[in-house]
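> Chains as they are written, first to last, in the working numbering: chain Y, 617 to 863; chain E, 28 to 302.
Fair warning: there could be bad hints in the mix.
Stated by the list, open to error - Calculated cross-link-like contacts (lysine-lysine; reagent style DSSO-like; alpha-carbon spacing at most 27 Å): (1) Lys67/E / Lys657/Y; (2) Lys693/Y / Lys214/E; (3) Lys693/Y / Lys220/E; (4) Lys742/Y / Lys105/E; (5) Lys820/Y / Lys105/E; (6) Lys693/Y / Lys105/E; (7) Lys708/Y / Lys105/E; (8) Lys105/E / Lys657/Y; (9) Lys300/E / Lys742/Y; (10) Lys300/E / Lys186/E; (11) Lys67/E / Lys686/Y; (12) Lys708/Y / Lys214/E; (13) Lys214/E / Lys820/Y.
No wet-lab data here; the hints were simulated from the structure.
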Amino acid sequence: MGSLYSAQVNFTNIPNPDSNASGNDQVMMYITNTNEASGVKGFGLPAVDTEALLPYTGGSAPVTAIEELKGMLLFVKSTGQVMVFNGLVWSKAFEVESDNISRFQLNAVSTTTGSVLLPINSLIDKPNFLADPLKLKTNVATSGANLNRLYIRQTGLYRINLNITFTGPAGSFSSRLGAGLYVNDAQRFQLLENTVNFDGTNRKINLDFSVYAVQGQYITLEAVSEVGGTTSYTVTNNSFVTIEKVL
Amino acid sequence: MKKIILLVVLIFHYTLIAQVTIGSDIVSNRNIVKVQDGVKGVILPYSNTHTAFPRYNASAPDLFDDYANLVGSLIYNKTDEQYYKYDGYAWNPARQIQGIYQLRASRLGISAGITIPCISFGIGFCFAGGSPAYLAADNRSQVLVDNLLLKNASNVTVKTAGIYDVGVALVFTGGSFGAVAGVTEFKLTLQVKYTPASDWETVVSKTNYSIVFIVDTQGNKTSSFAQTISLPVGAELRVVPAISSTAISGGALAAYGTDTNSASSYLAARLIKAY
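Please take these sequences and the hints and turn them into a complete structure.
Next comes the structure, spelled out in structure tokens:
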């Protein structure tokens, strides 16, 4: 029986699950849906009700690592987590808490109308804390309307911090500046702050929105000045947006 | 006939032993399915986009129907290049905290809104009035969970001392002014009562007068902010929406209300660090 499975295995009713698949793919097992249109099916992991029911725990914990069980996966229903066994102990297979924050730099942009959509640079630069574990910009075009968009990959509650540096004409530049937030191009929130000209040239705002967003929606952000205030200004690239998935 | 018997035996053998090893002829007696270790990996099923995931329902609050039999399912999403797992309510990206299982956060919907009455004698006035009750029942499909156990029978209190990130969003509804000249101020205030005996203290108050936060969406006004607060055990939280108007009104002045849709009106708290 075992030798039956020594080659690649397709758990499908189609002969070749991927037109690019070949024996050189280093893929052991394909579990591929026949096609997207006829309904997608997933792969069910074995599950236990609670963490206490995981095998090889408590009094049954092994003294030495069980080599053949390294990498074993089980889903725990009470916590909603996939657990992985390293032969000795179980740990979360997928979640890492610090992976809940994405941060991007903004491209410089100018306006003469008092408000301007913020271009969000998808550059990942981890030494400078620019990262996208929330995958908000993954496979998103870097030009056109998509340059301004952050795509939500999971329904939930998000905190969005905007740290924006403005420059404008000396002497006449508005002191009240802020930002607005759109969901799928519909304006939802605005916040305006009193700013100071902290270095003779620049003004800065730093504010937080709380927003509930649904998977597949996109968020765009804009810089604004107060009504009746300066309409011509520039947002410099010393500006950042930080998105934290709270819940 | 012999072939049928052989087939039946094989099937039963398979069912009873219920062990499959893929990539090797060495059967593991400790797993249901064991894929041979080595340089070849396993690719689980994929979908091009989340709208093709099982149980997708565009009209569901979280886009997916609840389905217990699918719990633990895994699928790869090519759009954002990551695995998703199904928790019985929705599909969650693999390496992110699952919303409803985030143990250090709560999101509370409004169980009872308030009315902010207005009167008009040429000049219109609206009156601040109370606080909405954030005691709506938990609803995992709407990501309304109270994992911090903030909700009591009649109020919302902190059970663990620590520094919190508190998010507030609210929609004001109604309020028809007709022709108006003057200033109408929408205000959203987050207040804390640090001990049962103390008075309410304002932590932050945002208005469209000094700090604009109101956006007009099809007649409704929506607002949102987030604030970090250090809170002791027992501290009570509330949000006070208020409208003050010194507008000269040429038309009727209707009362304002608070929208109870949890997508746009909620009180949320995340425990950043317990003390």
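> For every hint, state whether the structure bears it out.
The hints, checked one at a time:
1. Lys67/E / Lys657/Y: holds (23 Å)
2. Lys693/Y / Lys214/E: violated (43 Å)
3. Lys693/Y / Lys220/E: Status violated; Cα separation ~37 Å.
4. Lys742/Y / Lys105/E: holds (23 Å)
5. Lys820/Y / Lys105/E: Between Lys820/Y and Lys105/E the Cα gap is close to 38 Å, so the pair fails against 27 Å, i.e. violated.
6. Lys693/Y / Lys105/E: The given pair, whose Cα atoms are some 26 Å apart, holds under the 27 Å limit.
7. Lys708/Y / Lys105/E: holds (23 Å)
8. Lys105/E / Lys657/Y: holds (15 Å)
9. Lys300/E / Lys742/Y: Holds, because 24 Å separates the two Cα atoms, which is no more than 27 Å.
10. Lys300/E / Lys186/E: OK: Lys300/E and Lys186/E at ~13 Å, within 27 Å.
11. Lys67/E / Lys686/Y: holds (16 Å)
12. Lys708/Y / Lys214/E: Roughly 43 Å between the alpha carbons, so the hint for Lys708/Y and Lys214/E is violated.
13. Lys214/E / Lys820/Y: Holds, because 24 Å separates the two Cα atoms, which is no more than 27 Å.
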